[in-house]
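There are 2 protein chains.
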Amino acid sequence: MRSNRVITKKQEFNKEQLRLNETLFCNANGYIGVRGTLEEGVPSDISTMRGMYLGGVYETIPMKQAESLCNLIEEKQTMLNVADTQTIFLSVDGEVFDMQKNECAALRVLDMDRGFTERRISYRSGSGKEFDIRIKRVAHLHCPNLFTQEYKVRALSADAEISFDSRHIADVTNYSDPDDPRLAAESASYLGVEKCEVTGDKSVTLSRTGVSKISIAVCAGHRLYVTDENGVTDGGRAADDISVIRDGEISAKFSLTLKKGQEAVLVKYSVFADSLREDDSERACLSIADDVMGRDIRELYDAQKKELDSFWKVADMEIKGDEELDLAMCFNMYQLFQSSPRQEKVSIAAKGLTGEGYEGHYFWDTEMYALPFFVLTDTEAARRILSFRYVTLDKARENAALLGHKKGALYPWRTITGEECSGYFPSGTAAYHINGAVSNAVISYYLSTGDEKYIVSEGLEILIETARLWLDTGNFDRDGRFVINEVTGPDEYTCMVDNNFYTNCCAKYGMEWAVKLFEKLSEIPEVRALSERLCVTDKELSEIKKAVDAMYLPFDERLGISPQDDSFLQKPVWDIKATPKDQFPLLLHYHPLHLYRYQVCKQADTVLAHFLYPDSADKGTMEKSFRYYEKITTHDSSLSTCVFSMQASRLGLYEEAEKYFGDSAKLDLYNRHGNSGDGVHTANMGGAYMAIVYGFAGIRISEEGLFVNPFLPGSLEGYSFNFTYMGRLFRLQVDKESAVMTLLDGEPTFFCHGDEKYKFDKTGESVRWNLKQ
Amino acid sequence: MRSNRVITKKQEFNKEQLRLNETLFCNANGYIGVRGTLEEGVPSDISTMRGMYLGGVYETIPMKQAESLCNLIEEKQTMLNVADTQTIFLSVDGEVFDMQKNECAALRVLDMDRGFTERRISYRSGSGKEFDIRIKRVAHLHCPNLFTQEYKVRALSADAEISFDSRHIADVTNYSDPDDPRLAAESASYLGVEKCEVTGDKSVTLSRTGVSKISIAVCAGHRLYVTDENGVTDGGRAADDISVIRDGEISAKFSLTLKKGQEAVLVKYSVFADSLREDDSERACLSIADDVMGRDIRELYDAQKKELDSFWKVADMEIKGDEELDLAMCFNMYQLFQSSPRQEKVSIAAKGLTGEGYEGHYFWDTEMYALPFFVLTDTEAARRILSFRYVTLDKARENAALLGHKKGALYPWRTITGEECSGYFPSGTAAYHINGAVSNAVISYYLSTGDEKYIVSEGLEILIETARLWLDTGNFDRDGRFVINEVTGPDEYTCMVDNNFYTNCCAKYGMEWAVKLFEKLSEIPEVRALSERLCVTDKELSEIKKAVDAMYLPFDERLGISPQDDSFLQKPVWDIKATPKDQFPLLLHYHPLHLYRYQVCKQADTVLAHFLYPDSADKGTMEKSFRYYEKITTHDSSLSTCVFSMQASRLGLYEEAEKYFGDSAKLDLYNRHGNSGDGVHTANMGGAYMAIVYGFAGIRISEEGLFVNPFLPGSLEGYSFNFTYMGRLFRLQVDKESAVMTLLDGEPTFFCHGDEKYKFDKTGESVRWNLKQ
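Protein chains in written order, with my numbering: chain A, 1260 to 2032; chain B, 1260 to 2032.
Simulated from the structure, these hints should not be mistaken for lab results.
Misleading hints may appear alongside valid ones.
Claimed, not checked - Pair ranges (Cβ atoms, derived):
| hint | chain 1 | residue 1 | chain 2 | residue 2 | range |
| --- | --- | --- | --- | --- | --- |
| 1 | B | 1922 | A | 1843 | 54 to 62 Å |
| 2 | B | 1352 | A | 1470 | 31 to 39 Å |
| 3 | B | 1486 | A | 1323 | 33 to 41 Å |
| 4 | A | 1323 | B | 1994 | 53 to 61 Å |
| 5 | A | 1470 | B | 1275 | 32 to 40 Å |
Every residue, glycine too, gets a C-beta built ideally from N, C-alpha and C.
So that you can see chain A by itself, here it is in the shape it has in the complex (with noise of 0.2 Å):
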């Protein structure tokens, strides 16, 4: 178990910097986010994305087609920036802190051990006094409606008159840029604020979306304390004065005079609800922040660190030989797990809750690259993120209907509430794939767990109505085929394609599984009622065998690999090489039909197939297709290279494997891309830990078991990890001569290393074997 999980970075005080830490010192609970800006603010000539943001909280807003086709999508969703109650104004003898203005020395933690943010400083005011200031945020896991701020301040070398002027602002506005097609357009205020005011020693404000009506309230409290010479620590005060300043906004002022070696500290408790998950969320706000501001805020950071504790053990991992590979994957980890739901009916948008980009949509990337790591280490939160597409099974049933089939499910390419956002059908709504991501991600936490709780009450459901919407949407052809017209694959630079061979892995894979579970649970009552609702018929059943008995998966003889779709291979191939770096990623410089023209990919489509569906192809024809893609692939999309790499591990291309690994764990911690600070790219975080737990390590779970095929990629000494396995909790040492597996929790099991399989006894129980050099 590792030791300690902190990163510490030097304040740097200039645009990208701030706005990368904004990123990188977000603090979220699945329900929370709140980006990392500063207490007091930037210059207004420095763009900031200042948001508070609430999972799963959106306005609908209209997205007009410019020509009116029938049945296109002419809104969406959008996630809201909420409110801000981040502000807080210090002043010292009458000077506000500035720290562009002021002499100091900063730092910025993330502690994720402990699950929280600080800010350090050593400042020096206009008049030659110094402080110690150091502001620590948390996002509170055990209540995720609650976000405080302890704001310390220390006089170090004489007295002085402080003051603070904490804001609660709800008249906020989302953030936008208009040269990102990535980002929303428009910069829009959604919220009208209802109700702004006083109660007490808290301000209240309660703000509502036009269209979409929901209410959000939220509501801040605070306490001023101060600490003397020796460290007694007073009993703490209210605010001097807290007043409505202008609509929409509050602020809570306090005065002391600080005695050199004292200590203020002034707590602010931010509390957020929403209409979505109470019925009264004034109410709700109003009670939990009389609850938590009458404990003691260390009693808080105890149950913070609680919850860690938890997770950490169960997702530890510790690579050894690249400190900054060995950072980057805690950071990831712990940003999967900031982002992802607390409660039901929500998921992890693209972004997590760490930005504005795309909108706070959710696409296949949540089930397809997120949910594998919370499979692993969190089989709770997995259930959670799998509920949202079961409480979102009838709108994927109206979306069906609405690209005209007769049965079955279709979900959004990208959405919220489960209504499609997507704009361009031809790459958004028509990656029909989306639903084998869905099926997939049910089989998986299935295979993983065994919980057949799960799909009786909710995954079968998904599993048939998804099922059904393949058997619509492909047909049997003249020779007998089961083809699949019309849909795009995960590569968007070729749309529109008649049977993409990952689509129609999906669409096997996923009525192979419908069936068969079907068939074996179906003597349960549950089930009966299933079928009885879905009017499941025998001869539906048969048809869904039939189809996956003829499903079309195209093979090149020529070439000897699997072909992306149908008319692929007659498309000339598209020179990366000779095409100048600043021309990628390439949708921003080409139009899409000159894309859709040649062989050439955006991210891995079949390579991905042949990893996900190992009998999908002969291992002749996957490492001959692994050849052939990487060639062509651009990897525009961040969810590529960590596919490359999984599937070289397990071509046993392990150069390769490496290669493509190569920075992508260190994506955001680093900012590699130069965005990440318009929020995380949470995917590639879930990709980065399948690239070493399925990669590296070969872990592969199936209907025979769990098998584990690890090797050491040559820049590094070794890795560990753990991970649960049917409630059992593993842990894999790989180091340079050997492998060990132990059982460090549950019953006695076996788990299978090439054609060996081995046994664990019990708790505590060691495997040991030596690595192929």
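With chain A's structure known, arrange chain B on it following the hints.
Then chain B, alone, in the frame of chain A:
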């Protein structure tokens, strides 16, 4: 030669008839288009499209994409309603004439021999006095800037106090219908009125568009005459009062006492000019107004008659045995003539100048469906229409570059100025066959006229640039076939397909002719200069030839047909018969992606290819293809049945030729689709002409000469028409027994019928042959 071409309809006062009549009795001259609205207006609860349009005059408006992708089009042009000078209020003894309130018997007349429309009204005033009203409108062909109204009121039963209030309104808006995607969705005022004043006896307004910065000058002048009981007309007089009554609106008032038997005649001259054509549109306008107002109106009418005499001399057509059809064809040809531009730089819009449907955009229809009529009846007009594509060649080059092409020109799918205005590129810009329509038009014009000068000065450059585009779009695949991927054929129910048979045929033909004419004319200095300017190399020409030879024209062995595209036949067949009638057109009831997955065609696609390119398949394949596609074509486009009819004629399927010809010729005049109120279906009118001339009469023009192969549909008693070919005027007369070809005018020549070649030694000669029974 027909003796009279007059349409007379009873005026009915209901919404549908009013709207329809606005279209049917529209006056146009290729520059001005004035819908046949009522001078006195209609009650505000009746929706009317009160429009005056100027060919090519547009505003640029935003067309935001729902999702931003690289190089997508985000603005478009829209045709403008430029003014309202139609409005004239008549009062009798203080009672405002109102057809809805007063007792009236009214007719509407379209005189296509003389080129006017007329309202003929018997009107009984509230006090029981009787009047005869005639309002004649002319859009003058010899003076395209001029539109006149002649408003006659005769007192039949008693003396009366008459007054006219004639308006000139510059402050107008475009029409909108939010329920119909084919019309503009937003009603908007695109014109700013910059001047609105009275100059002597005329009113003048100057308006300007905000973005395209086009100025439109409109001048209105009047003369009021009184004709006494003996038919003697006075010298006329100007308005009693003419003044600006609000910003953008001027009123000219006249009062007089009309004795029983006398007739008051108000002649209103509206003159239009715009800054696209004139350096000083206001001055041009005033100068034209001065000129025309100095002439007797009868002189102008005579000039109009002369223009129509010349037109009908060449375009005369008579059909025996179906009076409705006979009149409808007359109407169709007249409308085509009315909408054809008198100047270069503009083309013929989808609705001509009769309405705002499709926003006044030009599509492939102009070249493919309307142009053949002009090539055979008015080569000057054909040449003007063709010039639009030459004038906009640079914009087509820019469009190609936007799409990522390194060379060549890609014409826009819909446009006014030459810039793409298509919002959904998969069924817009991706319809590369627009390039085929343009090159095809150049070649057809050349084959019919032998106009080498045109080819040298304009046509060849178009042929080379479109050929280059094909070369850059397609590629030689692994089998050495030249394939063209990701384009959309005429059938928009399948988009972005590979090797659309029609498109590949177009490309082959266009490329073949580009090389052929280039080589043939290579010694001409202008061609040598062109070759240098365009950097045409031998290598390039040989690549084009190679592509022509290797062009992949798919053939399906199993069905013996030409498949519409590579994957068409692997899709399930749409059950047209089982589809409820109210679900057509399918595009208004099914998501495009759903349609894409079926074998179902909006319109002729492969069948059109077979017709246009008789060498593209053998007769057996064409027959089988015809039978195959007729089962899966919905004819949701008005461009479809005429093609099926022509091809049936070609194949000798005479019953089918008649069946598909059906009512299409009567579509607008008899409002068969119920939507002619929005404007005429220009392309369908051309299509009906082709179905008779190319179809029934079997006229075909190729390098080998003129071919004629007529038959008489069973339901007709005969037909005859004139047409030109290589500067000669012919007449073909077909009756139940025989066909007669006559050389009406021109040098000795020959034509072919079957394997026979017939010679004409001099003008006036005829050749007769018996028709097969």
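Cross-check of the supplied hints:
1. Our hint of 54 to 62 Å for residue 1922 (chain B) and residue 1843 (chain A) holds, since their Cβ atoms are close to 56 Å apart.
2. Judged by the Cβ atoms, the range 31 to 39 Å given for residue 1352 (chain B) and residue 1470 (chain A) is violated: they are separated by roughly 57 Å.
3. Separation of residue 1486 (chain B) from residue 1323 (chain A) is about 57 Å and departs from the stated range, judged on CB atoms against 33 to 41 Å.
4. Distance hint check for residue 1323 (chain A) and residue 1994 (chain B): the Cβ-Cβ separation is about 57 Å, which falls inside the suggested range of 53 to 61 Å.
5. The supplied range of 32 to 40 Å is met by residue 1470 (chain A) and residue 1275 (chain B), whose beta-carbon atoms lie about 37 Å from each other.
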